[in-house]
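K.L.:
Let chain A serve as the given structure and place chain B with the ligands on it in line with the hints.
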Amino acid sequence: MMPIDTEPGTGGQPLPAEHKEPPSSRVPAEIVMKLWRGDAGGGEFVEYRLPAEEGEVVLDVVHRIQAHDAPDLAVRWNCKAGKCGSCSAEINGRPRLMCMTRMSTLPPGEPITISPMRGFPIMRDLVTDVSYNFEVAKQIPALRPGPKPPEGYRMAQIDIDRGQEFRKCIECFLCQNVCHVIRDHEEHKAHYAGPRFFVRLAELEMHPLDTLDRRAYIRERMGIGLCNITKCCTEVCPEDIHITDNAIIPLKERVVDAAFDPIAWLGRKIRRRPSPMSASEVAALGAAARSEASGGG
Amino acid sequence: MTGEIERHEYDVVIIGAGGAGLRAAVECLAKKVRTALVCKSLLGKAHTVMAEGGVAAALGNVWPEDNWQVHFRDTMRGGKMLNNWRMAQLHAQEAPDRVLELEEWGALFDRTGDGRILQRDFGGHRYARLAHVGDRTGLELIRTMQQRAVSEGIDVYMECKIVRLTKDESGAVNGAVGFFRETGRFVAFSAKAVVLATGGIGKAWKFTSNSWESTADGQALALWAGADLIDMECVQFHPTGMVWPPSARGLLVTEGVRGDGGVLKNSDGRRFMFDYISPYFAKETADTIEEGDRWYDDKSFRRPPELLPRDEVARAINSEVKAGRGSPHGGVFLDIASRRSPEEIKRRLPSMYHQFKQLADVDISTDPMEVGPTCHYANGGVRVDADTARTTVAGLYAAGEVAGGLHGANRLGGNSLSDLLVFGRRAGLAAAEHALGTTGRPSLDEAAVAEVVSHAASFFNDDGGESPYVVHADLQETMQNLVGIVRTESELVEAGQRLGELTERAKKVSVSGARVFNPGWHLALDLESMLSCAKCTMLGALERRESRGGQTREDFPKADPELEKVNMVTRLSGDEVTVTPEAKPVMPDELAKLFEEAK
Ligand SMILES: Cc1cc2nc3c(=O)[nH]c(=O)nc-3n(C[C@H](O)[C@H](O)[C@H](O)COP(=O)(O)OP(=O)(O)OC[C@H]3O[C@@H](n4cnc5c(N)ncnc54)[C@H](O)[C@@H]3O)c2cc1C
Ligand code: SF4
Ligand code: SF4
Ligand code: FES
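In order, the protein sequence lines correspond to chains A and B. Position 186, counted from 1, in the first sequence is what numbering that gives the first Met the number 0 calls 185; the numbers after and before it change by one each time, with no gaps. Position 526, counted from 1, in the second sequence is what numbering that gives the first Met the number 0 calls 525; the numbers after and before it change by one each time, with no gaps.
For the record, the hints were derived by calculation from the structure and aren't laboratory data. Keep in mind that the hints are not guaranteed to be accurate.
Unchecked claim - Interface residues of chain B toward chain A, partial, derived using beta-carbon atoms under 10 Å:
hint: 1; residue: S150
hint: 2; residue: E151
hint: 3; residue: E181
hint: 4; residue: R504
Keep in mind that this is a model prediction, so the values were computed, not measured. Using N, Cα and C, we set each Cβ at its ideal position, and we do this for glycine too.
Extracted from the complex, chain A is given alone in its bound form (with noise of 0.2 Å):
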């Protein structure tokens, strides 16, 4: 990673508690927001004051900056609605969603500070290079359906829940930024996938109709072992993933399985197999996955 030479994140810190204040309250009428400008070589924090307006995100404040007083400001974004993870930043230290920010939230009347992802190297501005996150995803072995049955797949949703909750993810990144795996330690990435990518490893490994075998690899060149459970990534999730609860150990535990117990596992992907079945035969493996998930199998 590039150095800077202003501090922009927290590092290691524990994150500001949030300032608590229904939304709905007066917003003061001047905002003074700091946003770190510069680019790989270094960079500062520029003070700019505007006039408040009514029901703001912190983007929409970046955005009239941008408008009037920095044409050329560099920012990621693209839905404004919290759907496409392009405006992660940290917001007084804090790695966020600048489009799902509502300025009221924040402490009033004083300065705000935004900052690029610490976790990546700084390309301009607000905008860092996450290309590591992209070649990462390249590679993820892709499901492997088992034969397709002559009247389609069948799915029970309750075999997919867990499956859905981590297709949520939007790339956003944030967990990346804050895993302390990634953020010091550079050598690591070679051999880390990080929190998204055991999201999604979890989803594939879950998958009712996947056939292939990845745990070695998810140990081996994907380097779980490194993940300490911090749980840093899970409380920064926009989506409120339980990104360690319910992706990450999980995924242990069946690394865990594979060099020990093979049985284990094909007995969980044969439960899983993909042909076509009755209601009451869904409805039943739906109650043993159920059985099966609260005791901790």
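P.N.:
Chain B with the ligands alone, transformed into the frame defined by chain A:
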């Protein structure tokens, strides 16, 4: 100043990585042609991720009565019969297979009790037809195809904006020139075939549900390369956008809210849609609240008027607000809280719940939302051959929102995502086959490439020109006020003059700073596209002297049966955009019969 130009050679270059571009890419990879995917944002962020409600396909999982003929008929009627019948037929026939194959690539749609894909109700669809994942269906489509394409080894050029297409001596498209937003470095692709999958035009209007990427680039690239556009006047204003707070104005509120039972009310608490049932849909629309409410569970009743096609609902809201019966912030009320339990609302519409809670501090499970029309979708677009998605220029293909024809004058909800899949695949297939049948290597006209590069770089100057943001804001104001939901000749003529002035101003904007990730510069170039297409919309709207779907003329309030038979074709002649009404393809008798029976 412009630096060295990066070079790449491919069989097929696909511009756009939304649903249409990704589906085209998957198809090209299957055909084993060398394929590049180019997009303005990072991979996986395209506008398609915002799609909420679902993808329409007559799977018949919830209502076995459903089939492609019914879907075809709904689509044509929703489009006020202006649709290209062959596209509508292919779309209805192939959508189910396109949805099912996504499952093999990992998509997890919501399920029925017996483990099949669940389908939900949407406006204009006779049966519950939209396969969905809560209200984040677009994300599921994007992610599924993105992961598929990546695992098949696609070459992706992210944050790269294409500025112009290039052509060979025969007039066929043979490449594209652009730059990387991240670095400002220029790049030229040579290709045997180019697929446009660049999405919509919404950013030319002030209140829009579209992302910054929807700047009409593909429509403009096609126009400048000599291709025809059709029916650009038919712009869809979605009836339900957020109206408050100001910064969220225009953000979409999915039609799924109404499909799942939400109703529209004015300030008197009246379900006013019952007052706006046009004769065209009277036969199939409930005229009492009791009947409308029973339809959700029993399709033998007629549908509630809240689920009329979007153009009808948007006009009705517009009229209520004008008549002084609007909500405090200039919309109307959309109420699901009094109709469904809070648990059900949160489960069925999680991202809507989240969006209102976060952005407007409104709990939709207990309080009504305030909504109003927002510019949403380009029904018209690049003229294409139905079977192959080929444009009127050799070597150039178009699919998805950038293409015109399928949706006629008004698109039904859910028919866009299925459009992306059906015609994304067909465009990819045809482009791959074209490439396989083309011998020799494409060679770019170097003078033309250099000209594009120097033109793009010319905005960095010290001439003290205006900021592109100011010109953009004025363009949005002009389109919103003069080429909005309801149009009239005098305003359209005025819009024409203003667009002329804005075009001159846009040529002279100045940008400062470096080429590395410089949004002001990007906007200066986006402005060229938006202005070209805004002119097409204005001209089409002027020429189509009737009201039909997304084209509403105050001075011609009725549909004209003669104009149902023509597309408004806009194309470049010299430097000027011209408009010509041209006959559209005639539906064969066996399909026309479907409409007789329905009457
Ligand atoms: C909020 C919202 C909700 C919606 N919900 C639904 C729904 O429920 N069901 C439904 O059917 N439809 C829905 N739609 C409509 C549908 O989402 C869009 O019409 C559709 O996603 C368009 O897809 P596309 O592939 O054509 O283009 P897009 O997804 O818009 O992608 C365009 C791509 O082109 C790239 N691009 C553009 N210009 C250039 C250039 N010059 N150079 C390089 N790349 C370029 C962009 O980067 C992007 O990758 C919704 C739309 C919105 C706004
Ligand atoms: S729990 Fe694991 S993956 Fe998540 S931040 Fe901590 S170390 Fe990283
Ligand atoms: S898991 Fe959550 S934090 Fe991580 S990339 Fe996905 S949405 Fe963002
Ligand atoms: S802009 Fe899409 S998540 Fe913020």
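K.L.:
Compare the structure with each hint and give your call.
P.N.:
Tested hints:
| no. | hint | verdict |
| --- | --- | --- |
| 1 | S150 | holds (4 Å) |
| 2 | E151 | holds (8 Å) |
| 3 | E181 | holds (6 Å) |
| 4 | R504 | violated (15 Å) |
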